[in-house]
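Chemist: Take the sequences, apply the hints, and build the full model.
Chains as they are written, first to last, in my numbering: chain A, 1 to 419; chain B, 1 to 419; chain C, 1 to 419; chain D, 1 to 419.
Derived by calculation from the structure, the hints in this document are not laboratory data. Every value quoted in this text rests on a predicted model; they were computed, and no experiment measured them. Do not take every clue at face value.
[As the list claims (entries may be wrong)] When the alpha-carbon atoms are kept at most 25 angstroms apart in a straight line, the in silico BS3-like pairs for lysine-lysine are as follows: (1) B:K88 to A:K88; (2) D:K88 to D:K373; (3) D:K88 to C:K88.
[Claimed, not checked] Some chain C residues judged to face chain D by a derived CB distance under 8 angstroms, without partners named: (4) K88; (5) L92; (6) S96; (7) V110; (8) L147; (9) L153; (10) P274.
We put the beta carbon where it would ideally sit given N, CA and C, even for glycine.
There are 4 protein chains.
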Amino acid sequence: MATGTCAALLEVRALTERLCATLTPEDSAVQAMDDASPTKWHLAHTTWFIETFALPRLCRDYQPVDPRFGYLFNSYYEALGPRHERPKRGLLTRPSLREVADYRQRVDAVLAEAGRDLDEETARVLVLALNHEQQHQELILTDIKYLFGQNPLRPAYREARALPAASSPAPVRWMPQDAGLQWIGAKEGRGLDDFVFDNECPRHRVFVEPHALASRPVTCGEYRDFIVDGGYETPTLWLSDGWSAVQSNGWHAPLYWRRAGDSFLLTTLEGERPVADDEPVCHVSYYEADAFARWAGAHLPTEEEWELAAREVPVEGNLLDSDVLHPRPAPSFSSSARPAQLFGDVWEWTRSAYLPYSGFRPFEGAFGEYNGKFMMNQMVLRGGSCFTPQSHLRATYRNFFPPGARWQMSGIRLARDLS
Amino acid sequence: MATGTCAALLEVRALTERLCATLTPEDSAVQAMDDASPTKWHLAHTTWFIETFALPRLCRDYQPVDPRFGYLFNSYYEALGPRHERPKRGLLTRPSLREVADYRQRVDAVLAEAGRDLDEETARVLVLALNHEQQHQELILTDIKYLFGQNPLRPAYREARALPAASSPAPVRWMPQDAGLQWIGAKEGRGLDDFVFDNECPRHRVFVEPHALASRPVTCGEYRDFIVDGGYETPTLWLSDGWSAVQSNGWHAPLYWRRAGDSFLLTTLEGERPVADDEPVCHVSYYEADAFARWAGAHLPTEEEWELAAREVPVEGNLLDSDVLHPRPAPSFSSSARPAQLFGDVWEWTRSAYLPYSGFRPFEGAFGEYNGKFMMNQMVLRGGSCFTPQSHLRATYRNFFPPGARWQMSGIRLARDLS
Amino acid sequence: MATGTCAALLEVRALTERLCATLTPEDSAVQAMDDASPTKWHLAHTTWFIETFALPRLCRDYQPVDPRFGYLFNSYYEALGPRHERPKRGLLTRPSLREVADYRQRVDAVLAEAGRDLDEETARVLVLALNHEQQHQELILTDIKYLFGQNPLRPAYREARALPAASSPAPVRWMPQDAGLQWIGAKEGRGLDDFVFDNECPRHRVFVEPHALASRPVTCGEYRDFIVDGGYETPTLWLSDGWSAVQSNGWHAPLYWRRAGDSFLLTTLEGERPVADDEPVCHVSYYEADAFARWAGAHLPTEEEWELAAREVPVEGNLLDSDVLHPRPAPSFSSSARPAQLFGDVWEWTRSAYLPYSGFRPFEGAFGEYNGKFMMNQMVLRGGSCFTPQSHLRATYRNFFPPGARWQMSGIRLARDLS
Amino acid sequence: MATGTCAALLEVRALTERLCATLTPEDSAVQAMDDASPTKWHLAHTTWFIETFALPRLCRDYQPVDPRFGYLFNSYYEALGPRHERPKRGLLTRPSLREVADYRQRVDAVLAEAGRDLDEETARVLVLALNHEQQHQELILTDIKYLFGQNPLRPAYREARALPAASSPAPVRWMPQDAGLQWIGAKEGRGLDDFVFDNECPRHRVFVEPHALASRPVTCGEYRDFIVDGGYETPTLWLSDGWSAVQSNGWHAPLYWRRAGDSFLLTTLEGERPVADDEPVCHVSYYEADAFARWAGAHLPTEEEWELAAREVPVEGNLLDSDVLHPRPAPSFSSSARPAQLFGDVWEWTRSAYLPYSGFRPFEGAFGEYNGKFMMNQMVLRGGSCFTPQSHLRATYRNFFPPGARWQMSGIRLARDLS
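Modeler: Here is the structure:
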C-alpha cells in the first residue's frame, strides 16, 4: 500500500477522476480551441508525466504502457523529442477515454506498489507530479467550461446547487500596505510540505512604493457600470494592443456574459443564469482589467504588492475544496485590516510581466522547460481561484497568461498609489 | 409497418447505423477539419432533414423532438434561418451520441407508423431524404477516414479482410467513343425508381468532338512513375493554382501516402499498409489529376464524354454494397469494348466545371438550395466510388468538389482527342 | 525607320506612355493590392517581354540592358526561372521611373532599327508583344484607378472632361438569338491582322438552346433598385461562395460606390462624383452579376451565346480609342435588332467557366504559359470595356477573372431562356 | 528670425531633410511592411504634429494647410479622431513628395516667424515636437534600410565611405557594477535642456543584485560562432515564443545577413558587403539576443542595471552625428573601468518588459497617448544607435519594441550575476 508521497499523489489523482465523472466520452475528446486541451488529453498527459519521469525511478526495467504515448502526450518538452501538434490534440479520438482510464490505472498501480523508501530525487519528481496534476485539475475545469460555453445548448457540467444567500458586499475600502525595502519570493523547496516552483525563487529584495489595495475584488455590478458608461467604446481607456483586441474580437463584456435585453446572462459550470451583481467579475483579459482600473481612477497592483499583502494571510477561501466552482460575493461586513478574498474566487491580474526573478535558476534537466521558457508576453496572476486546490497555493505562487486570455478564472483587484 | 417509400428510407437508415457500428463516442464527436463533419453530426443532420421536411407532412401537429436541433443540425439552408457555424460542428459534444441515437429512433418510429398512402409531394420529400441519407453515408466514411488518417496511431475503422488476390491489370487501351451531337442529362423524376437531382436536368443536346477514353483508371503504380519522374517538382505540368497548392501545402504524393524509405505506405479504413501498385490511385486533387494527365500526354474527359461512355453500362462494380471499402485493381484481361470501372472504385475527375445545364431549374422551395448555390469554383466528378451505394448512382449523376479537395475517393481516368 | 510590325508595336508602346503621362513617380511605384501591379512594373514588364522574346531574334548577340531585370520583371513564366514575388512588386522603388523610361527607350531603339524583313516567328513574337502591351494598357488604368480609389483624397487621374449630355436609355428589350448547332471560336492566326490568342481556338461547334439577350447592359439605376430591394441582405439570391464574399468583405454596393446620405458617390478616373443612373453599372463581381440576374428573373449568358450575338457586329463603341474612360449610357432609341454596347463600355460576365475548348493547344514554348495555366477558378468576360484598345478586340476574345474580382471594368448583360 | 526653441526645432527639421536627400520620390512613397512607414509619411506626420499641437498656439486663427491632412497623417492619437489605417500608408501616393515638401516649408515658415516669447506650454510642445522629429529621423533610416533590404538589386542609400581601419576589439571583460538600493529614472522636465519623456519618470528606487556587465557588445564574429554551433537549431536555447518565431519565419541569422557559401553578406545603408567580424552584431530580435545569452552562459541586463552603468558616462560615441550609419568595432584596448559603447552603435536589448514605473503619470491631454498606451508586449532597449541623434539621448532614455522586431538597430550586451 502506498504511503507518503505516493499516497498523496494517488489521492490527488483520484480527485482528478472525480472532477471528470459527469463528462461523457464525447465531452472528454473534443478540443474547444488551440489554447485548451481535451479532458482526455489532460488525463493522459498527467499520467505520461508520471510514467516518464517517475516510474523508471520506482521500478527497475519499467516498460511504458504504450511507447507511442510519448509522442501523443508530451506537451512541450523539446528535450524529450518531437510530439503531436498542440492544436491537433482534439483529433486523438483513440486511445479512447476507456483506454486512457486503463492507462491511468496501470500507472497508479505502480505508484500504489511503491515502497516508502524513496530516494530524494524520486520524491522530488513525485511531488512535482502532484503539483502538476493539480494544475491540470484547474485546466480541466476551465477547458470544459469553455467547451460548454460554445455549445448553443449551454450544457451544465453539473446540476445547480443551492447556496446560502449572500448579502451584498461592503463598498471597497482602500487599505494601505507595507512599503519600502521588502523580501519577496520563496526559498527553494521540493518536498511534499515545502514545495515551490522554480519561478518563485530566489527569495529576494524589492523596493516598494507606498500604496493601498482594494479591500475586495471588483464585482460584476461594478464592472457593468464600466460597460454602461461606454468602457468598451472609449479607446483612451485602453492599452493600444487592448483596443485592437476589443475591435478585432468584438468584445463588449467579459467572456460568458450574453446580453439579454437590458441585462446579462452568465454561463457557469451549472448552466446559464443571470449575472449576479455581488459576485467578483471573472473571465476578463488583462486588457479589460487594465481598462477598468483606468476608468476607476486606479491601477492594478504589482505582483510584489500583492504578495506582501498575502504573506501573512492564511490560504483559505473559496477554493476547489469548497466545491462551489464559482466566485462568491465578498463578506458584507468585515473589520479585518486585510484585504478579503486574496486567495480563491478569482485569479487576480497584476501589472507585472511574467519574467525571471534576478538569480532565477530553472529546474534541472527537462523540468527546466516547465516554467522558464514561457517568460515572455505573459502577465502574472496571483491568488488562485475557486478551481484551485487549496494545497496547491501559497502567497509566492505565480500564475501567468497572455494579456488577451479570458477563459481562465481571471478577475480584478485594484490598487492605488499613496504619495 | 412501413411499406414502400418509408420502408425503403428506413432500410437505408439502418445501413447508416451499421456503418457507424465500430465507432466510439469519441470518434463520432470530433470534426477532423472544416470541410468534414463529425459522424454524430451526420447522424443527426440526416434525421433533422426528415423531421423538418417530411414529418409535418406525415403527422398532423408533429412536434419536433427538440426545437433547438434546427439550429444545430441545419447544414446550409438559409431559407430555414440561422444555424450553428459549420467549422464548429465538432464543439457539439451534447447532444451525446446516445441522445442522437434516440433522436434517430424517434424519427424512424414516425416513419415506421406512416401508411402507404402518401401524397405525391410527401413521397418526393421522402425519396429526396433517402438519397440525402445515402450521400451522407459516403461522407461518414470519407470523414472518418480523414480523422483516423491524422491520428499518429493510424487506427483502423475495421479489421483487415482477406480478399482474393488480383492479377495485374492490363495496360491501358484507348477506346474511341461516340461523338457528334448527343443527348445527355436526365429527365426530371422524383419517384423511388426514377429519382434524379435537379442538377442532372434537363436532358439536352451537346456537341462532342471525336475522342477516346482510357480503358481503366490510372493505377498507383502509374502515379508513382509520375512522382519518381519529378511530377511534383515540375511547375510547367501544373495549372497555376495547382502549383500554388503544391507549394503551400507541401504536396508530394496523394493524400494518405506516407513515404517509408523508397516506398510508400497507404492509410486505408483497415489501417496502414504498403501502396498496392495495381489499385486505382485515389485521394488526388483535381490539380494532381490534371498534372498527371499533362505528364501522360493526355487530358481529363469532359463530363459529357464520361456520361456518353457510361450510359449503356450497368451500374455495377466495387460499390458500397461490395463492402470492400477500397478501390480494387482492374481486370487483368477484358475483351470488352467499354471502359472498365466506370462505376465504383473511385470518383473520376472530369475537366468540366460544375455549372448549371442550360435550362436548369432548382428544386422548389428550400430544396432549391440543395445543389444550385454550389455551382461555382467546383469541378464535376462522375461514377461513384467504393463508398457509394449502388442504388444511389446512375450515368447522369454529377458529384462536385473544389479542385483542391483530396479527402474524397477521387481518382483519374484519362482521355485523348481523336482528330 | 521601323515599318510594319515593329512600327505598329512602337505606336502601341507610345500610347502606353501617353496613358501614364499624368502619373507622378510615386503613383507609378506603389502596388495597390496583391492582384494589381505598379504602373512602373507594367512599363518595365512589357519591355522585358520584348527584350526577352524578340530582341535576340532581331539583333544578333543582343545583350540585355540589365541582366537582373529578368528576375524583377518576369511575371509568371516558370520556364524562364525564378522571379520576384508578385505581392512584392511595390517594393521595387529602384529602378526608378526614369530608369524604366530609359529601359523602354533602349528597347524601342532596337525595334526602331529593325528592318522590314522579319522571319515569320519573329513577326509572330512581335505581334504577341503588341497584344500583350495592349492588355497591360488596360491593366495600368484599372490598377491606377484602384490605387486612387483607396486614397482618402480621391485624386483624379485627369481633369474631368465635358461630354455631350446623354438622354436616358430605352428600357431593356429581349432579343432572340441564333440557336442550334453553331460554330464558335477562332482559327489560329499569329499575324498583325489575324492574330488570336491560343485560348480562342480551335473553331468548333456547340449546341445552343433558344435564348434572348438583353438589348443593353444593366444600368446603375437598375442596380440601385436591387440594392434598395435588399439584394445584399438576401442570401437566397446568391451563390454560396458569393454570399460568403458579401459577408466577409462587407459588400453593399459595387466597388467605388460610396454611400452619401440617400444616394451614392462614384470614384472615376476623373475623381469622385454622383452615380449616374443611366450609365452601365461597372465594377461588380461575378457573384453580384449573378445575384442581380437571379433577382431580375434572368441569368447571365454563356460565352457561346454572347459570341454568337457579337460575331456579326462591328468592333465599335466606347473603347479606349474614344478616350472617355468611363462607361456611357446606351442610346435612348434604337431600332437595331442587335444588342447595343456588346463591344466597349464594360466587360460582360458570362456564366461560362474559363476552360480550354476541346482541342485547345497552348502556344509553343514559354508562351504556352500565357493563357492555359490560368484555366481554373475563373469566369469568362466578353466584349471589352472603355479601357480596351479597339484593335485588341474581336468577337471571339476571351477575358477571364476570378468570380470575386471587382477592380476590372466588369458589368452585366442579362439573358433569358426561350423554351 | 527664429530663436531659441523654434530655431532648435528648425535646425533639427533641416537635418531630417538632409537625411532624405538621396531618396527618389518612389523610395519615399512605398511602405516596406506594416510596421514601417514611407519616408514621405514620416516627413508629413512630423509636420502635422507641429501644425496640430503647436501652430495654433503660435498663431492666432491658424488655418491648417489642408484640413484633410489630419486624417492622413495622425499616427495613433485616438483623442484626435479617426485616421488612415496604418498598413495603408503606402497607398498615399498623393500628396506627392513635392507637396509634402511644400507642407513642411509652410509650417517651418510659421515657426521661423515665431518670436522668442513663448508661453511655457507652447515651449514644451515645441520641445516635444523636436524630440518627436528626432525619433522619426531614426525611423526614416531604419525603414528605408528595410525597404532597400528587400529589393533584389540591393540599392544603396548612399555611396560607401572610407573609414579608418579598426583593429580587433579586446575580448570581453566582466565589469562589476553598482548594486543595492539605487535611484533610477528621471525627474520631470519639459525644457530644451532638461526634457525627458513621461515614461522615464518618476525618479525612484530599485533594489539591484550584484552583477557584472560585459565590457562591450557582442560582435558579429561571436554571433557567428553561435550560428555555427547550431544555435538556430537548438530549441532548448530559446524561449517558447522565440522558438516559434524561428520556425515560422525561417530565421537562421540576423536580419540582413545573407549566406554566400561559407560566409555571410550584410546589407548596410551603403549596399551589400561581407559581414565584418569585429563589428557589433545588429538587427537581432529579443529572442535571438536572449538565446545567444543563454548559449553564452550569461543573460541580458535589466534596464536598471544598464542605466546604473550608464549614468556617469558621457553621451558620446558612434551616433547619428558621426554620420557613419553603421556600428563600429569596439576599441582594441581600453583601460576604462566602464563598459564601452553604452551609447551609440546599437540599441541594447534589456530583459525588462516595457512597463510603467511606479508612480508613472502620462503626459497631459492627447500627448498622454505618446508612450503609455504601448506599455504591453514590448521589451526595453537602451543606449541609442548609430542612427540616434546625440542630443536626443540620455542614460534614462527608454526605447521599446516587441520581442520579435528585427528591423531596428538592435544588438546585444551581456550581463552576469555575481552571487
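Chemist: Next, verify each hint and record whether it holds.
Modeler: Do the hints match the structure? See the list:
1. Proximity of B:K88 to A:K88 is assessed by CA-CA distance (about 15 angstroms); at most 25 angstroms being required, the pair is judged to hold.
2. The suggested pairing of D:K88 with D:K373 holds, with an alpha-carbon distance near 22 angstroms, which does not exceed 25 angstroms.
3. At most 25 angstroms may separate the alpha-carbon atoms for a hinted pair to count; D:K88 and C:K88 meet this at roughly 15 angstroms.
4. For the restraint placing C:K88 at the interface with chain D, the shortest Cβ-Cβ distance is roughly 7 angstroms, inside the 8 angstroms limit, so the hint holds.
5. Look at C:L92: its Cβ gets to within about 6 angstroms of chain D, closer than 8 angstroms, so that hint holds up.
6. The beta carbon of C:S96 is positioned within 8 angstroms of a beta carbon in chain D (closest approach about 5 angstroms), and the interface hint is therefore held.
7. Against a cut-off of 8 angstroms between C-beta atoms, the interface hint on C:V110 is violated, since the closest Cβ of chain D lies about 23 angstroms away.
8. A cut of 8 angstroms between beta carbons decides the hint on C:L147: the least distance to chain D is about 6 angstroms, and the hint holds.
9. Look at C:L153: its Cβ gets to within about 6 angstroms of chain D, closer than 8 angstroms, so that hint holds up.
10. Taking 8 angstroms as the C-beta cut-off, the interface hint given for C:P274 is violated, the closest approach to chain D being about 20 angstroms.
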